[in-house]
Each structure stands twice: as C-alpha cells, then as structure tokens.
Amino acid sequence: MPRLSALIARLEDWLAPKCGNGFHRLERIGKQQYERLKRRGQIWYATHKKGLGRYIVLGLLAGYFYGMFLNSVQLGTAATFHTSGAEVESIWVFNPFRNWFILFTPFGLGVTAVLVLLVCLITKKGYIFFSGYKFIRDPRGFDILPDATHGSSGFLTEQEMRGFLEVGPAAEVHGMMLGKVKQREKDPDQFASYVAHRMVPGDNNNLLCIGAPGSGKSRGFIIPFLMGCAQRTRSGHPESVIVTDPKGELFEKMALYFRKNGFNVKAINFLDMAHSDGWNCLYSLDQETQLVQTVANTIIQNTSGPKEADDFWSRAELNLLMALIHYVCNLKDDAGNLLPIEQRGLGDVYRLLAEKSIQEINQILAALPPEHPAKGHHGLFLKARENLWGNIAIGLGNRLAIFQNALVDKITRNHDVDLLLPGQKPCAYFVIISAQDSAYRFLSSLFFSLAFPRLSDYARLHGKNGRLKVLVNFCLDEYCNIGYMEGISDVFNSVRGFNMSCQVVVQSLSQWAEKYPGKDWENQLNTFDQTLYMGCNDLSSAEYISKKCGMVTISVTNNQMPLTPLFSPIYSSTRAYSQTRSNTQRALMQPDEILRLEPGKCIALFNHHKPALLCKLAPEELPGYGELKPCKVIRYVPAWAKREKRNKAQERKAAEPTEAERGRPPQAAGRELPGQTQKAGEGNAARRKPVPPSIRPVDLGLNPEYTLPDLERPSQEALGMVETPVNQSPAGMAEASLDDILGNGPEEEDDLPPRR
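Numbering (this note's numbering), first residue to last: 616 to 1371.
For the record, the hints were derived by calculation from the structure and aren't laboratory data. No experiment lies behind these values; they were computed from the predicted model shown. Honestly, I wouldn't trust all of these hints.
[Stated by the list, open to error] Here are the simulated PhoX-like pairs of lysine-lysine, each with C-alpha atoms no more than 20 Å apart in a straight line:
#, residue 1, residue 2
1, Lys1216, Lys862
2, Lys797, Lys1225
3, Lys998, Lys947
4, Lys1040, Lys1079
5, Lys1025, Lys797
6, Lys665, Lys749
7, Lys801, Lys664
8, Lys971, Lys990
9, Lys664, Lys653
10, Lys1268, Lys1257
11, Lys1025, Lys875
12, Lys1225, Lys749
13, Lys1247, Lys868
14, Lys801, Lys1244
15, Lys1162, Lys1134
16, Lys665, Lys922
17, Lys797, Lys1260
18, Lys653, Lys749
19, Lys1225, Lys1163
20, Lys1040, Lys875
21, Lys1163, Lys1134
22, Lys1025, Lys1257
23, Lys875, Lys1163
Using the sequences and the accompanying hints, generate a full structural model.
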C-alpha cells in the first residue's frame, strides 16, 4: 500500500495543472502562515518560559471551568427538551476529566466556533476580516484607508519589504543593514527580522543617513555597515572602504577586524599626526597635470571666507599657487631626473613663499623653459600690478601656514597611502579628522577630492567594462566636517558606474545647506536612493522627512449630539443626534511626530517604494561582533616613523668605530696610517660616512598586482599602482598579529608605492 505522503504528492501533481499558479500560491501562503505561527509560538515560549508552570496551571483551570460551562449547556438543554430521555439530576459537573473531555467533542467544538464567530462579528478585527475592507488601525488612533483618495502612502509591511530588500535572520542577511522588524515591540531581538539593502553591482548603493548627535549613527549604521563589508569580502565579494573617522573611534574598534579579514589597513590621521601614515597629494601630479587645478581650488575654497573664494585676491593667489605646485612637482636633480617624492611636497611650496622674496620667486619661474606647465599660471599672476605681488604672496603663505608644523610637513611629504589600491584589493583607509578644529580641514578635503577622480580614471581606462575590480565604499561620517569639495554632486551621480558607492552621514539638512549653499546641497541630495533617518533636532530636517514619507487617506467620524436648552419650552429647534464618516488627507508622519520619534526607532526611505518604520540596530546582535578586538590609535606606528627609526639606527651604526679602530691609540683613530693605500682609506671613510636617507637605495620587495591591457599607457609607477604584499593563509586570508596593525612588528621594509 503506498504511503500517505506519496498519495498527497500525486494529488498535488494532479491538481497543479488544473489550478495553475493558484495552487502554488495557496501552498506558499500556507507555508508562510505556518512559519508565522511557528515563530509566534517560539517568541511566546522565549518570553514566558520562566512562568511556564504557572501558565499550564492557569490553562488547565480555564479548560476545567470552560468544560463545566459546556457541560451545563449540554445538560441544561437535555433537561429542558428531554433530548436524551434520561432524567438530569444536576447541570453542574465537577468531574475534571468530563469537563476537559467535552472540549474536544463535536458539541464542545461547535459551541466554541459559534462563540469565536460572535466575537469576530462584534469586534473591529472580525469586521475587517469578514468584510474584506483592509484598513489599517494606526497606533496613533486613526484608520488608514486603502482607497488612496487623498494619498496612498503608509509604512511597508514585512511581506512588502521582502519584494526588494533582504529580510531574515542576521546571519542570513548580507547586504547593507538598515534596521530590524519585530512583530511586537517587546519581542526578543533573536526573533527579529533584519532588513538590508541588496548590494548589487551597478545599482545605486548610495545612502544618506541623517541623525543628530547621540541618535546612534555609529552603532546603528556605520559599524554594522563596516562589519558587513568585511563579511561580504570573506564570502567572495571583495569590497574596500574609505571611512572618515571623527576622533578615531572607528579605527580603534574596526582596524584589527579588517586586518584579520585580509584588508590593507591605513590610518590618515589629521588628529594625532605622529600616528598617521604619510600621504603626499602631489604624488604623480607631474603626469596628471589636470589634478593640479583640483588641488589648488580645494586649498583656496577651504581657506576662504563665505564671499572670498571668487574675489580678486583669491584668483590671483590661485594662479600663483598653481604655478608653484607645477614647479615643485617637476623638480629635478642635476642629472635631469625627478627628485624623490619626499622632496616634492606642499611644504616645499610654503617654504618658497616663506624663505624667498617675490622677486626671487619670479626669477625662478621666469627661468623655466617655455613648455613648462607653470609658465602659463605664472604669466597670469604677473598681470597683476607689481605693487600687489607681495600682498598676494603673503595671502597665499597665510593659507599654507599649517605647514610650519613639522608633523604636517612630514605626513604630507612621505607617501605610504596608494589611492588606487582600494580598487584592486580589499583596503580599509581610516581618515581621522577633528569635528571641532577646522585648521586641517582642507587636507581631508584634498584626500577625497583626489581619491574620486583617480579611482574613476583608473576604472575608465583599465577596469573591466569601465568598472573597478573591487567595490569601493566611501563612508563619509560627519560629512560636513570634511571640508568643501567642488563638484561633489557630479561625483555622487557618476561613481555608481565605476563600481563605487557613497554612504554620507550628516547631523541635519540645515548644516548641509550651510556647507553647500544654494541648490548644491539639493543636487547632492537627489543622488541618494536610500535615506536612513535616525533622529533630528531641527525643523528643516523634520519637514523634509515628513514630506518624503508622503500622505495617507484616513477615516474621520463626526458626531453631533442633541443639545436641549435647560430653561426653554421650545424643543423643536433641537437637532437630533447624527454621525457622519468621511475621508480626508493626513501626513503619514507630521513634523512634530518626526521630532518625537522613539529613540529606538528609525525610518528608512526608498526611491520608488513606501517608507519603512524599523527598529535601530545594535552591533552586539550581529554575527562576528565577538571578533572585534579594540586597539589604541596612539599605538599605531606609521611606515615613515619606522623608516626614520631604521635610518637613525643605521646612521648610529655607521658612526660607531670598527673593532680595529677600537684597538688603536686615541690619536690614531680616524687618521690614515702610514703605508695605507688611498683606496683602503677611502673605503674606511665610505664605511663610516652615513648615507643620506633621501638617496639610500631601498629594496621595496613589491610585486605589481595590476595587469593592464597591451596598449600605450603610462607606466605602473607613474599611475601609483602597487601591491601591498601579505602572507596568504590557505584560505586566501591575510594573517596578521596585533603588532602588525599597530606597527610594532619586525622591522622590515614597509609597503610603499614606488618612489618617484
């Protein structure tokens, strides 16, 4: 005899072609309801398991008394109508087994069904179920209607989210996490469904996060996003991240985690510069001359007042600055070779202004050959009256005054951070900035103003289908504190095509509008398909979110009560009681409701979809949180500091007397001995004389990773493309100890771009 399951399967196969998709749809709905009820039972058990014994006792008592009621109804009916023919002594039954047994008899089940039906007809939920009019009862006290006469907005349901978002347990969600959904407010987090944007290559993955201080932007979005980047890389979808880090907290939490997952970790620290990797913004500008304009404009824009960027003095200083940058970028030695990059930095531009007169600067620039790129900008500078030249030079020197700081000069002279590497292998670059001090703000603005075009140009010229090999995420926390970046709205519009994305975090829209006045901030705002609202204190942000949430159609009930005059014999003028119902329009979220949003809630807004009301994330809930190991940013030793330490050790060693010299008389030490050949004397002198660090030959031990097409192109050294060699484990992950990331490991040659 065939098994029952086989018969059911055959029945399904027979019904499928006859019912079409309806059968499969019914089956899918049944499975969904089963999973929903199963999860509901698991949640109830998790929240009530401590008092499970009490609930069992109460359930047995309730069943006992309900069975007694059913027995009394059955026996009372029999006694009244003599249906059984036997005499009924009493309608009350105290035997517990009889009372529990009647619950499962046809009579007990029938009476229970009738009672449930009556309750459904009386209550509003039953009316909704049986009438088919699926309005939504909002917790704020109104009904949202489905007819959309005045508006069709509303919050997404979990089922609607599954249509275009990843929804499921935290371990099964791999996209950019936005929040979580609970069936009830008090449900444990372990039963929540986590919601994430699918990180599909080519889609618009740009996201705007709005949150006032203390609203949980770092814990609720940035840290989960960074953890997700590492987990997606580990699962075979490599990503890089370049993140701004106010106060260095993200570096201390995430640096070791990224290093453990095979990322090349760098810190560009404008807050504690002694612990910052070097980054020379003039690197390769001798060939990428179009970026000189970007560097000069960024410096002028970020060191000017609100109305100074386009005045005469700023334009004159811009021309002088561009001429000096071109001059420094192309400095050569006597043999006609470019000087090492360590001798060509913005600090050298400042020293020219500080140590030489304007006449000497003009003589230096005038002596350049006609084809030199500095000649044109110098010629425009000379158009100003001669008596203004000194004032222009002084103004430009004041803009570059931060290079008086030896540490600023040092980190902008050395070059240890390759801007093209994130597009080739997983990298985590932390740009640590100050949220209060704006003196070094143009340096962070320079970093991003050069990172975007360089990565875009490399993807366009050498990427497969014009796209980077590795997805590069720019997570710009405290975006308004980075500095002004000209044309950034065009960058946000175009980076998607190069396999890059931007996650911008601001405190308020008013702060953003102040940084980018006019229509500029709105043009940037239009480039984000997702907006995550975490909380705000300003009305402009609240009104924007309220309008973006849209309008809904609600039901309004008007009641008119009869009012009889207390001392009047005329009663005919009294109106009768009346009740009217109508539809009207209401904002889904009023601005004041946006301001009063619960601290644990957030609103996700999507292009082409309704908004979603979510619960905020906590990093502790996510898989992999236990792997986060803190480290101190003040223990990070950058590559240039290790090089300096090695060079000093080599100089001390070279200056020490040899063993033969230690045995000589004091007056003979360091003096050529009689009969000693000149060649030997020269050898001793060469052994004792330290080699200047700038010309010491260094074996970098780097193997270029990039494979470029066979066509006329700049060399890899000219493009700044290098590979940071790492020890690969069998699983393909880079292995590094705590000392590796903190810079306290064995003193070996650092991972550097090729020196020009």
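Here is how each hint holds up against the structure:
Pair hint Lys1216 plus Lys862 does not hold up; C-alpha atoms about 26 Å apart against a cutoff of 20 Å. This hinted pair checks out: Lys797 and Lys1225 have alpha carbons roughly 18 Å apart, not beyond 20 Å. Proposed proximity of Lys998 and Lys947 is contradicted: the alpha carbons are some 28 Å apart, above 20 Å. A hinted pair counts as satisfied when its Cα atoms are at most 20 Å apart, and Lys1040 with Lys1079 qualifies at roughly 15 Å.
Our distance criterion of 20 Å between C-alpha atoms is broken by Lys1025 and Lys797, whose separation comes to about 52 Å. A threshold of 20 Å between alpha carbons decides the hint, and for Lys665 with Lys749 the separation of about 37 Å lies outside it, so the pair is violated. With a C-alpha separation of about 15 Å, the suggested pair Lys801 and Lys664 falls inside the 20 Å cut-off, and the hint holds. With a C-alpha separation of about 19 Å, the suggested pairing of Lys971 with Lys990 holds against the 20 Å cut-off.
Between the alpha carbons of Lys664 and Lys653 the distance comes to roughly 16 Å, so the proposed pair stays at or under 20 Å and holds. Taking the CA atoms of Lys1268 and Lys1257, the gap is near 16 Å; set against the 20 Å cutoff, the hint holds. For the hint pairing Lys1025 with Lys875, the CA-to-CA distance comes to about 29 Å; that exceeds 20 Å, so the pair is violated. A hinted pair counts as satisfied when its Cα atoms are at most 20 Å apart, and Lys1225 with Lys749 qualifies at roughly 18 Å.
Distance check on the hinted pair: Lys1247 and Lys868 sit about 9 Å apart at the alpha-carbon level, within 20 Å; holds. A C-alpha spacing of about 31 Å is found between Lys801 and Lys1244, which places the hinted pair above 20 Å, so the restraint is violated. Simply put, Lys1162 and Lys1134 have alpha-carbon atoms about 18 Å apart, close enough for the 20 Å limit, and the pair holds. This hinted pair does not check out: Lys665 and Lys922 have alpha carbons roughly 67 Å apart, beyond 20 Å.
For the proposed pair Lys797 and Lys1260, the alpha carbon gap of about 56 Å is over 20 Å, so the pair is violated. With a C-alpha separation of about 24 Å, the suggested pair Lys653 and Lys749 falls outside the 20 Å cut-off, and the hint is violated. The straight-line distance between the Cα atoms of Lys1225 and Lys1163 is roughly 9 Å, inside the 20 Å bound, and the hint therefore holds. Straight-line distance between C-alpha atoms of Lys1040 and Lys875 comes to about 15 Å, which keeps the hinted pair within the 20 Å bound.
Taking the CA atoms of Lys1163 and Lys1134, the gap is near 18 Å; set against the 20 Å cutoff, the hint holds. Under the criterion of a C-alpha separation no larger than 20 Å, the hint pairing Lys1025 with Lys1257 is consistent with the structure, at around 13 Å. Only pairs whose Cα atoms come within 20 Å are accepted, and Lys875 paired with Lys1163 is rejected, the gap being roughly 41 Å.
The structure is inconsistent with the numbered hints 1, 3, 5, 6, 11, 14, 16, 17, 18, 23, although it conforms to all the rest.
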